[in-house]
Every structure is written in C-alpha cells, then in structure tokens.
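A.B. asks: From first to last, the protein sequence lines are chains E and D.
Residues 198 to 389 in my numbering are what the first sequence lists, from first letter to last.
Residues 246 to 554 in my numbering are what the second sequence lists, from first letter to last.
A few of these clues could be false.
Derived pair list, reagent style DSSO-like, types lysine-lysine, alpha-carbon separation capped at 27 Å [stated by the list, open to error]: (1) D/334 - E/212; (2) D/255 - E/209; (3) E/317 - E/212; (4) E/350 - E/335.
Take a look, some chain D residues computed to stay more than 12 Å from chain E by CB distance [what the hints assert, rightly or not]: (5) 296; (6) 297; (7) 319; (8) 502; (9) 516.
Incomplete in silico selection of chain E near chain D, CB under 8 Å [unchecked claim]: (10) 228; (11) 229; (12) 230; (13) 234; (14) 236; (15) 253.
Because the hints were derived from the structure by calculation, they are not lab data.
The beta-carbon is built from N, C-alpha and C at its ideal position, and this holds for glycine as well.
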Amino acid sequence: MGATLTAGDLRKGLKLEIDGEPYLIVDFEFSKPGKGQALYRCRLRNMITGTQFDRTYRSGDKFLAADLDEQEMEFLYKEGNRYHFMNTSTYEQVELAEESVGEAKNFLTENLHVDMLFFKGSPIGISLPNFVELKVIKSDPGVKGDTASGATKPVTLETGYEIQVPLFIEEGDVLKLDTRTGTYVERVKTSA
Amino acid sequence: MSRRDVLSAKRWRLEMRSRILHGMRLFFVDRGFMEVQTPVRTPAPAPERHIDAVRSEGWYLQTSPELYMKRLLAAGYEKIFQICPVFRKGERGRRHHPEFTLLEWYRLGSDYEALKADCLELLQAVCAHVGRYPRFPFGPHWLTVLPPWEHWTVRDIFLDRAGWDPLKNYDPDRFTEDLVEKIEPTLGFPAPAFLSDYPPEEAALAKLRPHQAVKVAERFELYWAGIELANGFSELTDRKEQEERFRECLARRQEEGRDVYPWPLRFLESLDDLESAAGIALGVDRLVMLLTDASSLDDVTAFEPEHEP
Chain E
198 MGATLTAGDL
208 RKGLKLEIDG
218 EPYLIVDFEF
228 SKPGKGQALY
238 RCRLRNMITG
248 TQFDRTYRSG
258 DKFLAADLDE
268 QEMEFLYKEG
278 NRYHFMNTST
288 YEQVELAEES
298 VGEAKNFLTE
308 NLHVDMLFFK
318 GSPIGISLPN
328 FVELKVIKSD
338 PGVKGDTASG
348 ATKPVTLETG
358 YEIQVPLFIE
368 EGDVLKLDTR
378 TGTYVERVKT
388 SA
Chain D
246 MSRRDVLSAK
256 RWRLEMRSRI
266 LHGMRLFFVD
276 RGFMEVQTPV
286 RTPAPAPERH
296 IDAVRSEGWY
306 LQTSPELYMK
316 RLLAAGYEKI
326 FQICPVFRKG
336 ERGRRHHPEF
346 TLLEWYRLGS
356 DYEALKADCL
366 ELLQAVCAHV
376 GRYPRFPFGP
386 HWLTVLPPWE
396 HWTVRDIFLD
406 RAGWDPLKNY
416 DPDRFTEDLV
426 EKIEPTLGFP
436 APAFLSDYPP
446 EEAALAKLRP
456 HQAVKVAERF
466 ELYWAGIELA
476 NGFSELTDRK
486 EQEERFRECL
496 ARRQEEGRDV
506 YPWPLRFLES
516 LDDLESAAGI
526 ALGVDRLVML
536 LTDASSLDDV
546 TAFEPEHEP
C-alpha cells in the first residue's frame, strides 16, 4: 500500500492511486484567492491508459501514493501480441501485452535492457534507454530527391518502424535513434 | 547555470524591486503617512479560516501585521503604513510563497473608497517612478496604469461570468472555484480592476454595510492582469461582532484540525477606541512580477523558498 498524502504534498511529477489506478500529475497549480480556501489544481494522466483529466482538490483532501516499483528487464522475444522479458537480477520471466508496450515496440530488439514499471506488483509498462541502435532493412534505392540539405526519405527498420532519414542512408546501415522523439540521430555503421 | 549566474541573471528585476519599494515609501511619506514597524513574531495571529500561521517557539510568525496596525490606529495614529515580511504555512505556487512581502496602509476615519483612490494614485506614482508609465509589456499583453479602471461588484461579475448570485445563495466551494477559474483570469486587462462588496461569509475583518436588505461586506480586491494584488476593507470596529466572528472562525479551525490561536484580547479591547477606519494589504512581490514581466515569484525574489542551506 502506498503512503497517505495530503493536499499540501501535491506537486508536478507526483504519482497517485485514484480508483485503483496509478496517475501521474503532469501539471499542477496552487491557487488561493485572498481570504478563500486553497485550491490544488491538477492535470492527471492515467499511467496505464494514458487518458488525461483535470481535477481540483482542496486542503483536507487525502491521497494514496501510487505503489510503483521499477525493475531492469531484458527483452527476450515477441509471441503473438505478447512481449516476453526477463528480470536481469532474478531471471524471472514476465510478459506484457502489446498495448502496454505502446510506442516502445518500435524500438525493441532482442537483448535490449529496459526499465519495467510495476503497479501493485503487476507490470504496466516499460521505459526505454534514451538512445537505441537499429538496422535499416528496407530503403528504396530509387529515391533520388534533390540533394539540398534537409532532404529526407523513408526507410524501414528491423522492428518494422518507418522513419525519415537523410538520403545517404542505405539498406543494412545501423542507425542511432532518440526514443523520446522517435527520430534519427546519426549513422553508426554502414552496410558496406 | 551556476548559483552565482542565477543570482546575477535576476539583477534587473531585483533593482526594479528596490526602486518599487523606494517609490512606495516616497508616495506615502509625501502624503503624510508614517512608516511603522510592528512585531514579526506574535503570540496571537488574526484568526482566519483559510490562513495558517507558522509556529515559532510557542508563538507565531505574523500572517499579516493588521492587528498591530489597528491597535496603532485605535491609539490615534491616523495614517500609517508598513512594508514587512509575512509568513503563511503551505502556500507555494507560481504566485504564492510561504514567505512574502506585504505593503499595508491604514487610514483613520475613512472607508474603503478612500483606499481605492489611494490604489489608483499609488500605482501611477510607482509606475512613473520605475519607468513603467503609462504602458508596459506583460507576457503577450500591454498593460496600462492609466484610468479608467474597471469597478465590478462581486454580484455583477458572478452573474456575468458564472451565472449565479453569491449574495443570494452563497456556496463556499462554488464561490472559490468560480472565482479562481472563471473570474480572476479575466480581471484587470489592460488596466487594474476593483472587485467589491463580498458576501458576509467572505467578509474576513471587513465591516458589513449598514441598513441594507441584502448584507454585503465593504471589502474589495484589486486585480491586474488576472493577478490578485491587494485586499482592502472598511474595518469592522464593532467589538462584539468581531468577537463573534473570531469565535466562529476558531471553532471551525478546531473542527478542521487546524491550529487554534490564542484569543487576541488586546486587539479586541482596542476596538473600543476605534470609530471608523480602513486598511489594505498589497502583495509587493506580485507587483514586482507585473512591473518586470515575470511569470513567477521565484523570478523576483533573490532566494527561492526552498533554497539550500
């Protein structure tokens, strides 16, 4: 069970349990008109579904801190829409449904180490390293745009993810990607 | 940025703060007000339902100097002002610090209309003193200190922007929420605006207007660019009524598990010598924010409330 909190503890970044689900405070504003009562205005994001809503709390309101835990996992393989991971310290295997993996599936390759988030002991999602390296498996050689700086073309990566890259990238190249923005950073290995 | 750079980057705003304080003092001294100092530590802060005092060795740090200022008024000091630090527990946001600076001024034998006239002259004088007259930028807006300033009553603005009359069916939760969400953000563009005549439940230490069918408190707030800048009122000088309000307030504080302050007996006794008076508190840090186009109090105070040892 998470600790009990009061309205005075609310702040951006805090994680709460509301109606049995974990929420992150993504925006927070303290308001208090002159002689009136304090209002704690929060924008909350459900950490499982991603849905957001605004709620105003008052002093005297009580909260439950979300019981969250993070553990390092290694991605093993995908089977159907289940993703299988292994705890790097206990070697215990854990699986996660595709919808909980979310956008991270575009960057998951075998043996990649990620942080898995648990809510009350159940896995709810993963967070990736900021940068990963992925191989280009398909690039249309026919694309010959103008060579002015900034020109890009689409390529497909080993995870099936399609991304815009500079024109000089070829099939077999290994690229460095920023997982926070989902964008190309640089080429780390050429196919030749 | 290093800690040294953070402080250097605030230089212009801190210089403006210094000039604003100087401008305020010139304004009041020119008009025959006397600057006073009263204890920052007090055995009995003013009972307010929603303001919590910080404890200090069994006493309290002041949440406002108003009880001491009124004791001076009662002793015949006609026009007094003070610029001092005040402390309020648990208040922290972009526009709230648990320690901030108030400018308070009081007039013997006056009502809140005299204070509104003071506000208009004071802000014009201060803006001129710091080179922000008559217009200056604030975020995406151009603000001006030039009249006309809007005058709203609480009833009219609630009917206009929230669709109900708080003088008829007062609801404390709805009142605060609509005030914060629907009304405050619209007040004081481009010139400051007065919001006057509060429901009796929101009177604090203000006098109720006599001989009226619908009771209103002679209290006003001054807003500029959606920011609450000052709160003033015709002072309640009826000792009996003040005692009742304090008793009711302390009882509520006890119910809510808040600190119950000692009975401010000396202040209450002094009301016997006070005929009529008016007083106001203005948030100095917020005025500095406005005049230096800052978005947070953190930008206009040298050290933030959570600073390291």
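A.B. asks: Each hint should be assessed against the structure and marked as holding or not.
C.D. replies: Verification of the supplied hints:
Restraint check for residue 334 of chain D and residue 212 of chain E: the C-alpha separation of about 23 Å stays at or below 27 Å, so the hint holds. Between residue 255 of chain D and residue 209 of chain E the CA atoms are separated by roughly 25 Å; this keeps the pair inside 27 Å, and the hint holds. Distance check on the hinted pair: residue 317 of chain E and residue 212 of chain E sit about 13 Å apart at the alpha-carbon level, within 27 Å; holds. Among the hinted pairs, residue 350 of chain E with residue 335 of chain E is consistent with the structure: their alpha-carbon atoms are about 11 Å apart, no more than 27 Å.
The Cβ of residue 296 of chain D sits about 8 Å from the closest Cβ of chain E, inside the 12 Å cut-off, so the non-interface label is violated. For residue 297 of chain D, the condition that its CB be more than 12 Å from all CB atoms of chain E is violated, with the nearest at approximately 9 Å. Against the 12 Å criterion, residue 319 of chain D stays outside the reach of chain E, whose nearest CB is about 22 Å from its own CB. Some Cβ of chain E comes within 12 Å of the Cβ of residue 502 of chain D; the nearest lies about 8 Å off, and the non-interface call is violated.
For residue 516 of chain D, the requirement that its beta carbon stay farther than 12 Å from each beta carbon of chain E is met, with the minimum near 19 Å. With 8 Å as the threshold, the beta carbon of residue 228 of chain E comes within range of chain D, its nearest partner Cβ sitting at about 5 Å, so the hint holds. Using the Cβ-Cβ criterion of 8 Å, the hint placing residue 229 of chain E at the interface with chain D is satisfied: the shortest such distance is roughly 6 Å. Evaluation of the residue 230 of chain E hint against chain D yields a held restraint, the C-beta minimum of about 5 Å falling below 8 Å.
Hint status for residue 234 of chain E: holds, given a least beta-carbon distance of 5 Å to chain D, under 8 Å. A cut of 8 Å between beta carbons decides the hint on residue 236 of chain E: the least distance to chain D is about 6 Å, and the hint holds. Contact between residue 253 of chain E and chain D, as hinted, is supported at the beta carbon level, the nearest pair being about 6 Å apart and thus within 8 Å.
Hints 5, 6, 8 from the list above are not met by this structure, while the remaining hints are.
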